[in-house]
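*Asks:* For reference, the chains in residue letters:
Protein chains: 2
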Amino acid sequence: MERKEIEVIKQQAEAQYKELQAKGLKLDMSRGKPAPDQLDLTLDMLTHCLDGECISENGTDCRNYGVLDGIKEAKDLCMPMLGVGEDEIIIGGNSSLQLMYDTITRAMLLGVLGGDKPWSKNEKVKFLCPAPGYDRHFAICQSLGIEMITVPYKADGPDMDIVEKLVAEDELIKGIWCVPMYSNPEGITYSDEVVKRFANLNPAAKDFRIFWDNAYCVHHLTDTPDTLLNLLDEAKKTGKENMVFMFTSTSKISFPGGGLAVIGASAANIEFIKSQMTYQTIGFDKLNQLRHARFFKDFDGIKAHMLKHREIIAPKFDIVLEALEKEIAPLDFGKWHKPNGGYFISFNGLAGTAKRTVALCKEAGVVLTGAGATYPYGIDPEDKNIRIAPTYPTTEELAMAMEVFCVAVKLAACEALLK
Amino acid sequence: MERKEIEVIKQQAEAQYKELQAKGLKLDMSRGKPAPDQLDLTLDMLTHCLDGECISENGTDCRNYGVLDGIKEAKDLCMPMLGVGEDEIIIGGNSSLQLMYDTITRAMLLGVLGGDKPWSKNEKVKFLCPAPGYDRHFAICQSLGIEMITVPYKADGPDMDIVEKLVAEDELIKGIWCVPMYSNPEGITYSDEVVKRFANLNPAAKDFRIFWDNAYCVHHLTDTPDTLLNLLDEAKKTGKENMVFMFTSTSKISFPGGGLAVIGASAANIEFIKSQMTYQTIGFDKLNQLRHARFFKDFDGIKAHMLKHREIIAPKFDIVLEALEKEIAPLDFGKWHKPNGGYFISFNGLAGTAKRTVALCKEAGVVLTGAGATYPYGIDPEDKNIRIAPTYPTTEELAMAMEVFCVAVKLAACEALLK
Chain X
9 MERKEIEVIK
19 QQAEAQYKEL
29 QAKGLKLDMS
39 RGKPAPDQLD
49 LTLDMLTHCL
59 DGECISENGT
69 DCRNYGVLDG
79 IKEAKDLCMP
89 MLGVGEDEII
99 IGGNSSLQLM
109 YDTITRAMLL
119 GVLGGDKPWS
129 KNEKVKFLCP
139 APGYDRHFAI
149 CQSLGIEMIT
159 VPYKADGPDM
169 DIVEKLVAED
179 ELIKGIWCVP
189 MYSNPEGITY
199 SDEVVKRFAN
209 LNPAAKDFRI
219 FWDNAYCVHH
229 LTDTPDTLLN
239 LLDEAKKTGK
249 ENMVFMFTST
259 SKISFPGGGL
269 AVIGASAANI
279 EFIKSQMTYQ
289 TIGFDKLNQL
299 RHARFFKDFD
309 GIKAHMLKHR
319 EIIAPKFDIV
329 LEALEKEIAP
339 LDFGKWHKPN
349 GGYFISFNGL
359 AGTAKRTVAL
369 CKEAGVVLTG
379 AGATYPYGID
389 PEDKNIRIAP
399 TYPTTEELAM
409 AMEVFCVAVK
419 LAACEALLK
Chain Y
9 MERKEIEVIK
19 QQAEAQYKEL
29 QAKGLKLDMS
39 RGKPAPDQLD
49 LTLDMLTHCL
59 DGECISENGT
69 DCRNYGVLDG
79 IKEAKDLCMP
89 MLGVGEDEII
99 IGGNSSLQLM
109 YDTITRAMLL
119 GVLGGDKPWS
129 KNEKVKFLCP
139 APGYDRHFAI
149 CQSLGIEMIT
159 VPYKADGPDM
169 DIVEKLVAED
179 ELIKGIWCVP
189 MYSNPEGITY
199 SDEVVKRFAN
209 LNPAAKDFRI
219 FWDNAYCVHH
229 LTDTPDTLLN
239 LLDEAKKTGK
249 ENMVFMFTST
259 SKISFPGGGL
269 AVIGASAANI
279 EFIKSQMTYQ
289 TIGFDKLNQL
299 RHARFFKDFD
309 GIKAHMLKHR
319 EIIAPKFDIV
329 LEALEKEIAP
339 LDFGKWHKPN
349 GGYFISFNGL
359 AGTAKRTVAL
369 CKEAGVVLTG
379 AGATYPYGID
389 PEDKNIRIAP
399 TYPTTEELAM
409 AMEVFCVAVK
419 LAACEALLK
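Just so you know, the sequences run in chain order X and Y. For the first sequence, the numbering used here gives the first residue as 9, with consecutive numbering after it. For the second sequence, the numbering used here gives the first residue as 9, with consecutive numbering after it.
Keep in mind that the hints were calculated from the coordinates and are not lab data. Only a predicted model underlies this, so the values are computations on that prediction, with no experimental measurement involved. Some hints here could point you the wrong way.
Identical copies look the same in the list; a pair holds intra-copy or inter-copy alike.
Calculated lysine to aspartate or glutamate pairs in the DMTMM-like style (CA-CA distance at most 25 Å, straight line) [claimed, not checked]:
1. 282 to 10
2. 34 to 65
3. 305 to 59
4. 370 to 69
5. 26 to 371
With these hints in hand, go ahead and build the complete structure from the sequences.
*Replies:* Following this line, the structure appears as structure tokens:
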């Protein structure tokens, strides 16, 4: 593109930006939050679902103390989400983030199964962080002083050549963060080969763990969804099943504030986790477990329910993609791909434009996830990645927000090119 | 008592024990668990209490993400339980044990406000443990490798001469466990003087904390309940308000498995805790917070509700006390006192008889809290304390269980005296 041409685009964008700014918008696309009409889909759970009947199948009064690992019907409901058996699961509270955080603090203070000391007794603890990734994963590490090593993504998952090499040579590397299906924010699902290579890792650290956050395991957006190989099954084949911690939740199935969080792992890992967790709590909220089991009935119930979510959010993804296709693709000011599920579209602009784009959006009343948030320490080395979370706004708001976004991308790109 | 006399009592007890054993009882008095009819008192919370209306007073959709420290109406409900203000409270999940455990793990890994390093960076961490006390408090310490130092109880609380001396001279002592009202298991409420001495402590450790587990703050059993001075208020007078962490929950007000847990502390402490806690979770279950606020309405609602609990459980305490009075008092085989609230009666038998008594009960089908559980490391130095938890069994079952208990006490005492 010639300089002249860019200047023309910039002028047009500036004029359009001023118009949009004048509208005084106030839109939030910063987090992967379900919209209110999605939450209405499970509203019956809060009214008629218990109806005073609080006894579980096996006779447990779910109102009272006990049952650290969750009631059977909640396990039955959630086991297929992770593809694990009855002795390979714990149903937690309302937050898988909390289960992950607590798993790491236990590892830091007490150690994991097979480790010879708590992680924190090492001079340093390091984690591999495929990026762009989930900001709250990285924030856990940063808050606990765990050194993060960025690993780049390829089209089918993290660059496994790098992962294999690093874990094999550094025994201070104790973990890796993965969102293996419809990854946050890239929307990538790990290929069978990548999963198998994970199951075959040879970490120098005996107490290394893969944190497999399968948050979007049933969050499909198309009739031809991605499929993910079961890491625990693969790891059993290599005898490395204790290397795997899997997590998921119903936060984006039922209620973000009142769902069920889940850990899946080998039976030996689960026994070990329970032996540590028993000092933290007598048990999580079994009434909410019962509510979920009664409402969804079984995994087919969850799958059918997710089609209703898809009906609401797939059109929102389309609005984003169509806007980018129409406004940005012709100018080649960024790259993205259409995810088959999950909650995000990952936009990669020209180098050095992400922060400026986010700032321009903000000044026009559209809040996006902070630029850099998708990288360890909040530092995107090329300053190009922006996570777009299309689910919370209404379609009208979203269309407006994407107008702002596309104009901001153009402005930031022109400014960068004209520098 | 003459040897001959004891032998007669023993023979009678043995005969009675055999008869009771033949009944094949199966009763559990091991934990402070509410009975099902107590839980029925709040059943409406699970049916009509939300009725699909999930928006909080200030417009928050309680189904969605957010609000780390809890919704305003839940704070309003719980603030008077601890006597704290709006910026001095966090509403947690369903377990105050979890809040306490997490508070200690954060202190271990990250440190507390005003500390110069995480607790775990010291060569050792020690806690003072007034005993007999709550077994799960002690278990937290033991599981995290925190050394426990037993402090004896006096009639109005822990022996403060010892507490003051120890904390002043050892900066590795980072905390003390207190159940200041209707203490578990003694049923003692700390006197004003004891509370004031706590507020005036001069610990060598700048990062010392009082863990004030006010679990039974509204759990009265009489018309003339005990009263407890507000430790946070007292500590403000001495400028030591950051030394105080208070906890309570609605576990024995609404549902043990599905209540609200609460932290109360100085505004500065709360800000600090939130700045650490934000990495663990996006927020606790606000739907359950809303349920509680709607059901109880306000603190008066809680107080009125507790009268209904009292109606159910006070007669059970009477059954225990009457049995002890009738069977044990005349023989002087043990001591106890009548608590004005809480969940336990603490029985102190002859030295060296607690384990034997608990074992005899078990062999006759009555499960009690393990002897020794009320002491650090599970070791009761005199082997005499047994915690009686009268709430869970029906009155008929309880009467039967007390028959077994009293016979077991007699047998164990006679055996000890005849040795």
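*Asks:* Look at each hint and say if it fits the structure.
*Replies:* The hints, checked one at a time:
no., hint, verdict
1, 282 to 10, "neither (64 Å within a copy, 52 Å between copies)"
2, 34 to 65, "between (48 Å within a copy, 22 Å between copies)"
3, 305 to 59, "both (16 Å within a copy, 21 Å between copies)"
4, 370 to 69, "between (50 Å within a copy, 24 Å between copies)"
5, 26 to 371, "within (10 Å within a copy, 83 Å between copies)"
Checked against the numbered hints given earlier, this structure breaks only hint 1.
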